[in-house]
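Spelled out from the first residue to the last, the chains are:
Protein chains: 2
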Amino acid sequence: MQVNPLVVFTPSGKRGHFAIGTPVLEAARSLGVYVESVCGGRGICGRCQVEPMVGSFAKHGIESAGDSVSDWSPKEARYTEKRGPLAEGRRLSCSATVQGPLVVDIPADAAVNQQTIRKAADQRDIHRNPAIQLCYVEVEEPDMHKPLGDLDRLKEALEREWGYTDLLVAQQILPQIQPVLRKGEWTVTAAIHKDMESSRPTLIAVYPGLKNEAYGIACDIGSTTIAMHLSSLLSGVTVASSGMSNPQIRFGEDLMSRVSYVMMNPDGGRERLTKAVHEAVNELIGQVCAEADVSRQDVLDAVFVGNPIMHHLFLGIDPTELGGAPFALAVSGAVHTWATEIDLSMNEGTRVYMLPCIAGHVGADAAAATLAERPNEAEGMALLVDVGTNAEIVLGNKARTVAASSPTGPAFEGAEISCGQRAAPGAIERVRIDPQTLEPRIRVIGAEMWSDEPGFAEAVAETGVTGICGSGIIEVMAEMFLAGITSEDGVIEAAKAAISERVFADGRTQSYQLWSSDTGPDIIITQNDVRAIQLAKAALYAGVKLLMDKQGVDKVDTIQLAGAFGTFIDPKYALVLGLVPDCRIEDVKAVGNAAGTGARMALLNRDHRREIEETVRKIEKIETALEPDFQTHFVNAMAFPNKVDPFPRLAEDVTLPARITPENQTAGAPRRRGGRRRT
Amino acid sequence: MQVNPLVVFTPSGKRGHFAIGTPVLEAARSLGVYVESVCGGRGICGRCQVEPMVGSFAKHGIESAGDSVSDWSPKEARYTEKRGPLAEGRRLSCSATVQGPLVVDIPADAAVNQQTIRKAADQRDIHRNPAIQLCYVEVEEPDMHKPLGDLDRLKEALEREWGYTDLLVAQQILPQIQPVLRKGEWTVTAAIHKDMESSRPTLIAVYPGLKNEAYGIACDIGSTTIAMHLSSLLSGVTVASSGMSNPQIRFGEDLMSRVSYVMMNPDGGRERLTKAVHEAVNELIGQVCAEADVSRQDVLDAVFVGNPIMHHLFLGIDPTELGGAPFALAVSGAVHTWATEIDLSMNEGTRVYMLPCIAGHVGADAAAATLAERPNEAEGMALLVDVGTNAEIVLGNKARTVAASSPTGPAFEGAEISCGQRAAPGAIERVRIDPQTLEPRIRVIGAEMWSDEPGFAEAVAETGVTGICGSGIIEVMAEMFLAGITSEDGVIEAAKAAISERVFADGRTQSYQLWSSDTGPDIIITQNDVRAIQLAKAALYAGVKLLMDKQGVDKVDTIQLAGAFGTFIDPKYALVLGLVPDCRIEDVKAVGNAAGTGARMALLNRDHRREIEETVRKIEKIETALEPDFQTHFVNAMAFPNKVDPFPRLAEDVTLPARITPENQTAGAPRRRGGRRRT
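Chain order of the listed sequences is Z and U.
Residue numbering for the first sequence follows our numbering, beginning at 1031 and increasing consecutively.
Residue numbering for the second sequence follows our numbering, beginning at 1031 and increasing consecutively.
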């Protein structure tokens, strides 16, 4: 029996036997090897380029390849004549046919075709399977004998040429269809969205003639910062990224102040917050589009993540219910909507997908981080922590995953710290304290040296030393403990005043002077600052410990620190302070903006949307406020580092943490507004 | 073997055996007998009332019934205590159970439950199966241990209690869900739309607590008049109807002038026409809602029909392509959209359904008329004619249906007639001419007598006799022919001037004076008026004849005249003039606003939507402009009545009709703007 020749695709290694004359594109598709093609094999889009390999591939069971592909075709000649030559060795897989045993490489090349992208930050592969497919078709001209509408004939063509038997049509196509078909002289590229909530592919945009590129945005709406990536949906390449402060800050620094604002301004408060975030997102779309020289009209898909309050405000939902128990989400499942419904300025047909929220304080951002880091697929016990005003904590392995949020408050971000400030030039970001002399060394954002190195004074001459940002706060707290300035229970030791004038104690207050200069303010760490950090870290640790209890473990195997907090703090100091449970330091990793990465994954591959929806359904949600053990853990965790047993002295004078709600927040004394962490 | 008791439902006669204790509602549903229930059997909505019959029902095989139903239940007692007594003999079918052989009548009662409605106009039964279902549910309160969103818990309840496993949610629900659930204290009535294009049931509105009524509108957008019905979707009763002039008239009297307006005003012309019709529709919604004391918010479904140009403008589509060959529709299939997408002011979640168009000149109005009159299901050859600026003609039987439009122009509506006017008090609507004396008798809108009856002068003293409207024009043309004033070829006979001074002939022009008075204008029928009617009727007849050729018949069995034209003209005169082919006069019927009836059918029963979509796919579309025989038929049909062979004298001086297009319309001399028919 004659056996058809073997064709192997790299890098996937997928293989099969194909009859002589089979187009390589068809062979790839039949094996599930993703090769883009917009023009449906007409040889005009150039998206289906592949590289037949020359040489011996014994490991693939192919002795010799290279001449086993068909000759250069007229279609390829026409393409290169019009569009310029292909890269050396490249062929259009819609034209090149199998002529014998073959090894074909699918090039990871941004210019035309890319199966995976590599993100410098985390070396992550995102396999592409975007929601948008561009389909070039030739449409029959109108015929008075068969008076089907123009749209109806386009649908016929999409069924005939691309197999869409069940296509829905977005409303806004109707007025466009006639001019577009005529401008394209009865050829048109249809953008079809294959991830509609209805499960029906939907025609969302039409372009005259061949349209060879489509883009999508992935956006993480943080309470402090909104970050956006613009990616090509055809190549997977991120072509621009940008970020900006969340303008809702003017209505309230942190989440609960914004909920308060909504509650106290029933006549339009929510609307103002929603409008502010929509405007910011629209501005960012403008920025990334300008940076990449892409038209807003070509942005055809969008994925958003954010914590529950950002999520609700973005969707125009009043977040008041999230401000107090039982912290009821209006919607927890994934949300699909039209960009125009929420006043976003992209193509009129663009769909918006928002990842599901895990719980009332564990949002779509935590879901996205979970998608990116997959603690739920780990062999060992994996801890994923994203710290903001609340810490969102996911702990799991492939057997079981639990999640909770813990009310850390904004101390880690520099708020509630007397000299705290946002990360900006002039802010102290690193601290070392000599245990003997108690003399500090610092590094300041904007200066490339330590304060005891020559030239430091000149380096900070312009900015001055203005305050201390989040990573500096963590370091100074840890260094003060390591130098014996603070005790295990977080008290600044008055006795140390004898060693250094930097330690001040008058019987009522204690502090440590981290920095002083003639030109700027003294940077002082007060006893209250230490208390604020103690409370924050105790809340974080107690949340983690609670989840460890639920999992029945007393150690974790890996720790992933997500977000700005995770990016800028030194894991060593996080361990010293007991922010996180003990773990081998090499297994503690900053994973950057994991929420943003998850959003990008969901943008580029709709399978990831189903994956995270399923994952979120399976995650067990733990509400710390309902768990008596949380309070015990919290008290224990006040110590530096954490104690196993309650710490007697503290147990008496510590107020147990409750959710910060708009009520208790606004009922209490005005809270200090500190700086914010850079992101 | 024990046989369960027989239960028979009237009026359907559906029957089955059911175990003792089966709720009657459940028995009905299992047989496919439609009984409404909003509350899901809780005994609070009262929608499921039935009437167990007392007596002997030998024909149903039941000797004695009446005591075979369970006793008055606490649920029923509670209902009547709160909501007042049920009508004599009525039971709540969710409470009453089968206790023996039973005959149960499903009352056709507007107040609570009605399976069919009777429309006075045509005695038509519309079986109900509306797209909207109201579902009352009790929703679990939020639980911190199981942090599903409020919406997600509502979806759980709808799945549990109503079996909706696959529910989609309209975007605008998201901000409403939390306040509505809390206002209803965790009970809510969900409005579910079951006729989405996606085939997925969709939650489109939520109401706190029990919501026991929902409405829909059916609207026929005519180029002259917009007519609207407001119907209860739960009982099927039409609770209000209204109509108004189409305000697009100020941009152009007839369809082609409006297309011209769009073409000549590329910067906003189309937008102005679209806005005008949307505003009118919104005003009508306000009128019908006010008349029936219904909130706009309770209008949850809407069906629109209209000719292709009205259809396109209503949807915001430029109709220019419809202004010239090949008369390409932007979309021919049925259109589903959101009311908010086209700026209609109803509930935010209301869907709009537009029936399919048959062809470029045979619109959704003709489709609706076809749905109402069903020529496609006739045993004999059935002709359905709707005359406007174009005549839309459907000819068929259950084997085959063909459709065409014919360019009659607006003469039948009184335009292009020298003394033509819209139907209003003072307009001549009926005419008789004495064949001996050639003296006319007339009737005038607003006067209850003929002009030769005593008191006529007083009766018209206020209005005067101001012109002649469409039905009067048909009658005067026919009577002039019958009296010999006009010849078979439509020439006013100069010789008749010798008999009556009313006939005027000076060798160049001829006319007939229908009315003269001291107080008002003379009403004169000119030779040109006769020509205009000849052209219009020839076009109509030629279109019909062409379809008869396609069907291979030389006679039709029934004729249905739809629309205002059909309603007001006397079928006898239509036959005398040869507007329609010969037919027994008793088989010629005016069917009123068949398009409006079809729209109402599609509103009240979504099965009718599938039916007409399928019917339209099957109808063979004939483009008269492409058929050489059309011109022959046209020339033949210029005669009174129609000739079988070409009419030699006319064949020379008659311009064959072409589609009136914006080009040929505006290129020619300004057309006279005449009156409009009343509707």
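Since the hints were made in silico from the structure, they are not lab data.
Any given hint might turn out to be false.
All copies of an identical chain are treated as equivalent in the list; a pair is satisfied when it fits inside any one copy or across any two copies.
[Said to hold, decoys possible] Derived SDA-like pairs: lysine to any residue, alpha-carbon spacing no greater than 20 Å straight-line:
#	residue 1	residue 2
1	Lys-1428	Ala-1320
2	Lys-1651	Glu-1170
3	Lys-1305	Glu-1492
4	Lys-1241	Arg-1113
5	Lys-1585	Glu-1170
6	Lys-1305	Gln-1202
7	Lys-1224	Asp-1196
8	Lys-1651	Glu-1118
9	Lys-1105	Gly-1085
10	Lys-1105	Ser-1272
11	Lys-1305	Glu-1321
12	Lys-1105	Gly-1071
13	Lys-1213	Gly-1354
14	Lys-1580	Arg-1190
15	Lys-1585	Thr-1493
16	Lys-1241	Thr-1370
17	Lys-1651	Met-1174
18	Lys-1224	Leu-1197
19	Lys-1305	Glu-1111
20	Lys-1224	Gln-1201
21	Lys-1105	Arg-1326
22	Lys-1241	Glu-1409
23	Lys-1648	Met-1174
24	Lys-1176	Ala-1655
Status of the hints after comparison with the structure:
no.	hint	in the structure
1	Lys-1428 x Ala-1320	neither (42 Å within a copy, 61 Å between copies)
2	Lys-1651 x Glu-1170	between (55 Å within a copy, 18 Å between copies)
3	Lys-1305 x Glu-1492	neither (37 Å within a copy, 60 Å between copies)
4	Lys-1241 x Arg-1113	within (14 Å within a copy, 63 Å between copies)
5	Lys-1585 x Glu-1170	neither (67 Å within a copy, 37 Å between copies)
6	Lys-1305 x Gln-1202	between (23 Å within a copy, 16 Å between copies)
7	Lys-1224 x Asp-1196	both (11 Å within a copy, 18 Å between copies)
8	Lys-1651 x Glu-1118	neither (54 Å within a copy, 55 Å between copies)
9	Lys-1105 x Gly-1085	neither (26 Å within a copy, 84 Å between copies)
10	Lys-1105 x Ser-1272	neither (40 Å within a copy, 62 Å between copies)
11	Lys-1305 x Glu-1321	neither (24 Å within a copy, 38 Å between copies)
12	Lys-1105 x Gly-1071	within (10 Å within a copy, 68 Å between copies)
13	Lys-1213 x Gly-1354	between (56 Å within a copy, 18 Å between copies)
14	Lys-1580 x Arg-1190	neither (55 Å within a copy, 31 Å between copies)
15	Lys-1585 x Thr-1493	neither (43 Å within a copy, 98 Å between copies)
16	Lys-1241 x Thr-1370	neither (22 Å within a copy, 30 Å between copies)
17	Lys-1651 x Met-1174	between (62 Å within a copy, 8 Å between copies)
18	Lys-1224 x Leu-1197	both (10 Å within a copy, 18 Å between copies)
19	Lys-1305 x Glu-1111	neither (50 Å within a copy, 49 Å between copies)
20	Lys-1224 x Gln-1201	both (16 Å within a copy, 19 Å between copies)
21	Lys-1105 x Arg-1326	neither (32 Å within a copy, 60 Å between copies)
22	Lys-1241 x Glu-1409	neither (44 Å within a copy, 52 Å between copies)
23	Lys-1648 x Met-1174	between (56 Å within a copy, 16 Å between copies)
24	Lys-1176 x Ala-1655	between (67 Å within a copy, 13 Å between copies)
Hint violations for this structure: numbers 1, 3, 5, 8, 9, 10, 11, 14, 15, 16, 19, 21 and 22, all remaining hints satisfied.
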